[in-house]
Structure formats: structure tokens, C-alpha cells
Amino acid sequence: MIFPKIRVLLSHGRQAIPDLDAVELTEEFRGRPELTEPADAEARAELESAAAICPTGAIATAPFALDLGRCLFCGECARRAPRSIRFTNDYRMGAPTREGLVVRPGDRCVAFDPAAVRPEIGRYFSRSLQLREVSAGGDASVEMELGATGNVNFDFGRFGVGFTASPRHADGVVVSGPVTANMAEALEICWEAVAEPKILVACGTDACSGGLFAGSRAVDRSFFERHGVDLWLPGNPTHPMVFIDGIRTLLGKKKRG
Amino acid sequence: MNYFVTDNTAPAVALADIPESPYAAFYDDLAERLADARYHVGHYFALPDGDRLRFFLVLLDDAESRILLASHAMGYYDDTALRSLTALHAQMHPFERDIAERFGVRFDQMPWDKPLRHPHDRFDRRSTMDDYPFYAMEGGSLHEVNVGPIHAGIIEPGAFRFVCNGEQVLHLEIALGYQHRGVEEAFAATHNRLRQMCLAEAVAGDSAVAHATAFAEAVEKLTGRPRPAELERERAVALELERMAMQIADTGALSMDVGYQLGQVASEALRTMTINTTQAWCGNRFGKGLVRPHGTDHPLTAEKAAMIRRNTAEIARRYAEVRRDIENSPTLLARFEQCGIVAETEMARIGGVGQAARASGLRRDIRTSHPWGVYAKELHHTPVTMPDGDVMARLEVRCREVARSAEYVERLVAEFDQKYAAAESPCGRPDYDAPLAPSSLAVGLVEGWRGETCHVAVTDAEGRIAACRIKDPSLHNWLALALAVRGEGISDFPICNKSFNLSYCGHDL
Chain A
188 MIFPKIRVLL SHGRQAIPDL DAVELTEEFR GRPELTEPAD AEARAELESA AAICPTGAIA
248 TAPFALDLGR CLFCGECARR APRSIRFTND YRMGAPTREG LVVRPGDRCV AFDPAAVRPE
308 IGRYFSRSLQ LREVSAGGDA SVEMELGATG NVNFDFGRFG VGFTASPRHA DGVVVSGPVT
368 ANMAEALEIC WEAVAEPKIL VACGTDACSG GLFAGSRAVD RSFFERHGVD LWLPGNPTHP
428 MVFIDGIRTL LGKKKRG
Chain B
11 MNYFVTDNTA PAVALADIPE SPYAAFYDDL AERLADARYH VGHYFALPDG DRLRFFLVLL
71 DDAESRILLA SHAMGYYDDT ALRSLTALHA QMHPFERDIA ERFGVRFDQM PWDKPLRHPH
131 DRFDRRSTMD DYPFYAMEGG SLHEVNVGPI HAGIIEPGAF RFVCNGEQVL HLEIALGYQH
191 RGVEEAFAAT HNRLRQMCLA EAVAGDSAVA HATAFAEAVE KLTGRPRPAE LERERAVALE
251 LERMAMQIAD TGALSMDVGY QLGQVASEAL RTMTINTTQA WCGNRFGKGL VRPHGTDHPL
311 TAEKAAMIRR NTAEIARRYA EVRRDIENSP TLLARFEQCG IVAETEMARI GGVGQAARAS
371 GLRRDIRTSH PWGVYAKELH HTPVTMPDGD VMARLEVRCR EVARSAEYVE RLVAEFDQKY
431 AAAESPCGRP DYDAPLAPSS LAVGLVEGWR GETCHVAVTD AEGRIAACRI KDPSLHNWLA
491 LALAVRGEGI SDFPICNKSF NLSYCGHDL
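The listed protein sequences correspond, in order, to chains A and B.
With the first sequence counted from 1, adding 187 to any position gets you my numbering.
With the second sequence counted from 1, adding 10 to any position gets you my numbering.
Misleading hints may appear alongside valid ones.
Covered stretches of chain A (in silico footprint by chain B; criterion: 3 or more residues with CB under 8 Å from a CB of chain B, positions within the stretch not fixed) [stated by the list, open to error]:
id : region
1  : 198 to 211
2  : 214 to 223
3  : 301 to 312
4  : 320 to 329
5  : 379 to 389
6  : 418 to 427
Honestly, the hints are just simulated from the structure, not real lab data.
Using N, Cα and C, we set each Cβ at its ideal position, and we do this for glycine too.
The whole structure should be built from the sequences, with the hints applied where relevant.
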């Protein structure tokens with residue numbers, strides 16, 4: 188009975204990533220894009236074509252900007268306008284404000300202004316943060332990635348950050364999905380059940396802007412009009428490292444820029 | 011009744027060629043055919059057609075790999091009640107409930123006349139999430155347990171209502187719809203085919219490749235253009251990688267729920283390795299962006315092919331060790347065996363599909379019964395089945411499918427190595443503008459990791475997609491979960507649930 192277990196253990200080895208702050212993702216990963224103002228008419232036409240096909244209308248051409256809160260990271264724009272848009276493998280994409288997710292030509296990082304973070308967040312939660320996740324129309328991929336943040340590889344629990352079952356035990360809520368009308372009330376009840384002080388995190392492109400369902404009549408996003416979001420995390424789905432980096436930066440454990 | 015007979019590799023069918031029968035003939039014929047296990051309903055839906063409502067049936071004949079298309083129609087405002095087929099064949103229930111909910115069509119003698127997903131454009135606005143008519147039982151020793159819509163874990167929402175006698179579950183009813191985002195409507199509201207592809211990937215994020223492949227198949231049938239064999243091969247590799255990743259993830263989830271931590275962490279690590287393989291191929295851990303119509307943005311290269319072969323071999327080897335440990339641990343077997351049984355007859359009656367159906371002994375696998383691409387040409391898959399229908403059988407099917415998928419990936423990629431490693435990829439680039447056949451219907455039918463995934467795309471007279479009707483395998487299988495927990499202790503619900511791991515968003519659309 189014990190020998191098969193030893194075999195599994197030996198093959199398993201050590202899986203935890205030693206230093207979460209030093210992680211570099213594969214070159215293929217589509218993370219933070221870098222924009223270059225089109226230099227000539229041809230590049231401008233390429234950019235127009237990229238903006239036209241963007242499935243969520245995330246690209247503005249005048250002035251040129253790409254909204255990560257709407258971006259699905261499909262990469263089609265970078266194929267159509269390679270001189271204007273290039274996706275890097277940089278996963279440091281979380282921002283404390285919604286406007287912070289808008290990338291402009293010349294930007295070399297997604298800005299994270301510590302002054303935009305409520306000062307009590309670092310004071311109360313920097314050593315322990317327990318979150319309640321609510322999926323409100325999420326397609327299960329963001330949810331699985333959030334689950335993965337606590338797994339044997341990423342082990343975010345090492346920093347005292349984890350997910351808890353009851354909102355009564357939670358210091359905040361992570362919302363995924365565009366917020367469907369059918370889930371709007373349950374989300375509101377869950378948010379109210381979390382005691383103050385608390386934080387709100389919008390995780391994934393669907394949560395940040397509605398994503399593909401921004402205009403859907405089945406979606407009710409009034410929750411985000413009533414409650415201020417402390418951390419916006421783009422991604423389709425949000426990679427565990429985007430979440431880990433975003434929370435670490437929010438808590439003042441990591442600097443960006 | 012007349013059918014238009016086609017198969018899973020044939021091009022799109024003109025709407026005018028799909029025979030229309032009177033409902034009485036439709037009813038009699040289907041009532042008879044569905045009694046035979048070789049037939050099951052792939053999809054059945056209604057579409058407004060001017061002042062009429064036209065109903066389309068996609069009937070799958072597993073014995074001869076045929077897809078039978080039929081239709082019937084009624085006036086849009088016609089108030090005549092149709093005789094319910096659900097009364098005879100329970101597998102019709104989600105389809106009739108969907109039609110009734112959307113269009114107010116009445117089905118006479120419908121035994122389970124309840125809302126399905128509360129879509130925003132439902133016929134009866136008074137029906138809301140809060141007044142779902144749960145089945146209730148009277149009795150002094152009975153109590154109800156409500157779970158959801160928000161669950162304890164990081165998963166999607168849905169409401170479960172148990173009627174229990176002490177610890178024992180007498181009845182479970184699952185009320186869904188919390189995840190309804192208006193996916194089908196979004197398909198018809200845009201002419202941007204890239205956006206439609208992204209929508210297909212978002213139907214159920216854990217089955218992104220399966221849904222994207224089903225939609226791309228439907229689109230390619232509508233354009234009628236041939237595609238390179240290599241593209242079919244790469245899609246199959248992506249599908250099998252997705253299957254491996256999710257079957258391993260569920261092994262880990264089941265391990266977690268019985269406190270078997272070694273299996274849990276080993277499976278988590280192996281799933282990470284599998285989805286990181288997909289990420290190193292296409293830049294996304296769930297394979298979003300990998301499947302596109304008529305081509306690919308991420309053709310295999312010699313280096314990527316070698317990386318995929320290396321990783322899948324390693325994953326299969328280590329996963330086999332986990333499996334051996336599970337099979338040698340009596341404490342695990344005591345939880346998994348004889349728990350949550352769904353008998354083969356029950357599974358056939360409710361139209362179960364995919365790995366859950368195979369664990370009950372049903373040989374239902376699109377890769378075998380309606381093969382397409384490489385599944386028809388070189389793989390010749392035989393379904394992995396188990397007779398018992400319990401949690402262990404569903405786990406065992408997962409274990410064996412992982413081994414099989416790894417074998418397929420190895421074969422498909424090895425062939426790539428021999429033929430194309432040195433040459434330019436023959437796959438071509440995606441085409442989002444190829445004209446579609448006007449006024450036609452195409453069925454994309456793919457075996458995802460959960461089971462049969464079906465997209466039916468219908469075009470209008472201008473050749474634009476006027477409707478896309480999607481069926482995730484969960485639509486059939488949620489009822490199987492409800493049946494599985496009957497008579498079990500309520501504490502066994504988590505492992506029953508994980509052994510199915512059904513999709514909420516795929517059901518709610």
C-alpha cells in the first residue's frame with residue numbers, strides 16, 4: 188500500500204515556485220501589450236483594420252489606446268498591425284483604477300499608483316487576506332485560475348492570502364464574470380455579508396468591462412456603479428500570476444514602475 | 011416522417027431541403043425511434059421564421075454514423091398545445107423546456123414543466139430566479155437543504171435543493187440560470203466572425219477548445235471550403251490535451267474531497283504541466299485563440315511538437331502512478347465504489363452523454379459514432395466504458411481516457427514530425443471573411459472532455475449567421491447527477507458532484 192505512494196511522491200518532487208516575485212512566463216504568453224504610434228499611412232491603415240476586427244472594441248485609434256479591461260488577449264490586432272501593437276509576456280497588469288488599464292503608446296508598464304490605494308488596505312490586510320470569490324457569469328476559466336493560485340505550484344497561501352467559503356470569514360470579494368442579471372442580487376447579498384473593512388477585486392476581462400457581454404441584456408452591471416473596486420485585473424482568463432502580482436502590489440509588498 | 015440524412019463530415023444543408031412534417035407524424039416517429047438506444051437527440055430547438063415558429067431536430071444515429079435532420083412548424087401566435095415527448099422519453103426534457111420557456115409554446119402532458127435557465131428574453135416575465143417551483147415532499151421526518159447559488163468553493167453558481175430523510179437524500183433538484191449571459195443572442199448580433207469565435211470559446215471556459223472546434227466546424231461546413239488535413243490533426247491534438255488537463259483536474263478534485271492529499275497535489279501539478287503545455291503552444295492555458303476557422307495562428311513547429319511529445323509522455327507516466335495508488339488504497343475505494351450509481355438504463359433514458367454515460371456502460375462517444383477529421387481517418391477510437399456507473403467508474407473512465415489521449419497526442423505529433431517538421435506549416439491562416447452558404451444549417455459536433463458538444467449554425471438569405479444554437483453536454487447530464495445522489499448520504503454529494511463536474515455556464519448560455 189505504501190509503495191505506490193512513494194512512487195507518486197518521488198515523481199512529484201518539489202513543485203512550489205521558489206520565488207513568486209521572480210516568475211517569468213513563457214514567451215508565447217500574451218500579456219501587457221506595447222503600443223507604438225503609427226508612423227505612416229500604411230501603419231495607420233493596419234491599425235484601423237485591427238481596431239475594426241477587435242471582438243470587444245478595445246482599441247481606440249484617435250488618440251491611440253488599448254483598454255486592457257476590454258481586451259480578450261486574442262492577439263489578432265498584433266497580427267494585423269504588428270508595427271503598432273506587440274504583446275509582451277509581462278503579467279504585471281493589475282491596476283487600482285479602471286482608467287489605469289488603458290495602455291497608451293510609449294507605456295512601458297501598467298502604472299500602479301500607490302496613492303490610488305486606500306491607505307487602510309495595507310494597514311489591515313498586508314499580513315493576511317482572506318477572500319470570497321463570486322462567479323457572476325464567469326465561464327469557469329477565471330474561476331479555475333483563481334483556484335490555481337492556491338495550488339501546489341503557486342501556493343499563494345505562503346503569503347497569508349487565500350480563499351474562504353463564507354463571506355463572514357472574508358476580508359473582501361473577488362468578482363468574476365460580467366455580472367448576469369440572474370446573479371446580481373446574490374452578489375449584492377454576498378458583498379453586504381462581508382464585514383468592514385473590506386476590499387473588492389474585479390477579476391478577468393468579463394468582470395472589468397463586461398467583455399464579450401458588455402452590451403448583453405442578460406447582464407446587470409449596476410453592482411460596480413454602487414461599489415468601488417480596489418483592484419482591476421484583466422485577462423481572459425486572468426493568469427494566476429496576474430492575480431498574485433496584483434494582490435501583492437495592492438498590499439504594498441511589491442512595487443511597480 | 012421524412013428526414014434529411016447527413017453525417018458529421020458533410021457540408022451544410024439548405025433550410026429548404028430539411029423536410030417539414032406535421033407534428034403528429036413527427037411525434038409518432040420520434041416516439042418510436044427514441045425507444046431504440048441507437049438514436050438520441052443531438053439538438054431540438056425552435057427558431058422564429060417570419061410569422062411562423064420552425065422547430066428543428068438533430069437526431070443522432072450512433073449505429074450508422076448518420077445525422078438525421080427534420081423539422082415541423084406552427085404559427086408564431088398559434089396557441090395549440092403540442093403533445094409532449096418528454097412524457098415518453100425523459101431525454102427530451104431540456105429541449106422542450108427551452109422551447110416552452112423562450113416562446114411560450116405549451117407542451118401537453120409535460121411531466122416536468124419547469125423553467126430551464128430563465129433567459130432574459132423569456133416568454134413569461136413573471137417567472138424569476140426566486141420563485142423556481144422546487145419539488146417538495148411532505149412528511150414529519152423530512153427536511154430540505156438548500157445550497158447555492160453561491161457555493162463554498164471557487165466555482166460557478168447554481169441552486170441545489172435536497173429533500174432529505176435524516177442524512178439520506180430522497181430527491182435533489184438543480185435550479186440553474188444564474189450564469190445566463192445571452193451567448194446565443196450575441197452570436198446573431200454580430201457579423202464579426204472573430205468575435206463569434208471568441209464567444210464560442212467563452213461558452214464554457216474549461217471546454218474552450220471543444221466549443222471553438224464545434225463552432226469552427228459548423229462555419230467551415232457553411233463555407234464549404236476544404237481544409238488541410240494537418241489542421242484537423244492540430245485540432246485533435248488540442249482537444250486531447252484539453253481532455254487530459256480536465257480529467258486530471260477532476261481526479262485532483264475528487265482526491266481533495268475525500269482528504270487524499272497526495273493525489274490532489276500530484277494531480278494539481280500534472281494539470282499545471284498539461285495546461286502550461288497548451289500555453290507554450292498558443293499563449294493561453296485554456297487553449298483560447300488556438301482554434302480558428304480555415305487556419306491557425308499557432309501552427310505547430312518542430313520545437314513545439316517536441317515539447318508537446320515530451321510533456322505528454324511525462325504526464326501520462328506520472329498520472330499512471332497516481333492511478334495505481336488510487337487503485338491500491340482501500341480507504342479511497344471505500345468512498346468511491348458503490349457510491350452515486352446511475353444504471354445504464356437510467357442513463358440511456360435521460361439521454362446522458364460523454365464520460366459520465368460511458369461510466370454507466372453506454373458506448374456514447376462522438377469520436378467513434380460520428381467521427382470527423384483524424385478521428386475518421388487514422389485514430390479509429392473505441393469508447394472507454396465501465397459497467398458500474400458509480401463514482402469509481404467515472405474516475406476510472408477519466409484515468410483510462412488520459413492514457414488514451416496521451417497515446418493519441420503522441421501518434422498525431424509523431425506524424426507531424428515525420429512529415430512537416432522541416433517544411434512550412436500547411437495549415438494556412440484563419441479566414442474570417444469566407445462567404446457562408448445562405449439559408450442553410452450546419453452542425454458542428456465534437457466530443458469534448460465532458461461529452462458531446464454541438465453547435466448548430468443557421469444562416470439567413472444574405473449568408474450571415476442568423477442563429478447559433480449551442481448544446482453543452484451538461485444540458486443532458488445535470489439530471490444524471492440528480493439521480494446519482496438519490497438514496498446516498500448527503501455527505502457523499504461533493505464526490506458525486508465532482509465525479510460529473512458539469513458546466514453551469516455551458517448550460518445557462
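So, going through the hints one by one against the coordinates:
no., hint, result
1, 198 to 211, "holds (count 3)"
2, 214 to 223, "holds (count 3)"
3, 301 to 312, "violated (count 0)"
4, 320 to 329, "holds (count 10)"
5, 379 to 389, "violated (count 0)"
6, 418 to 427, "holds (count 3)"
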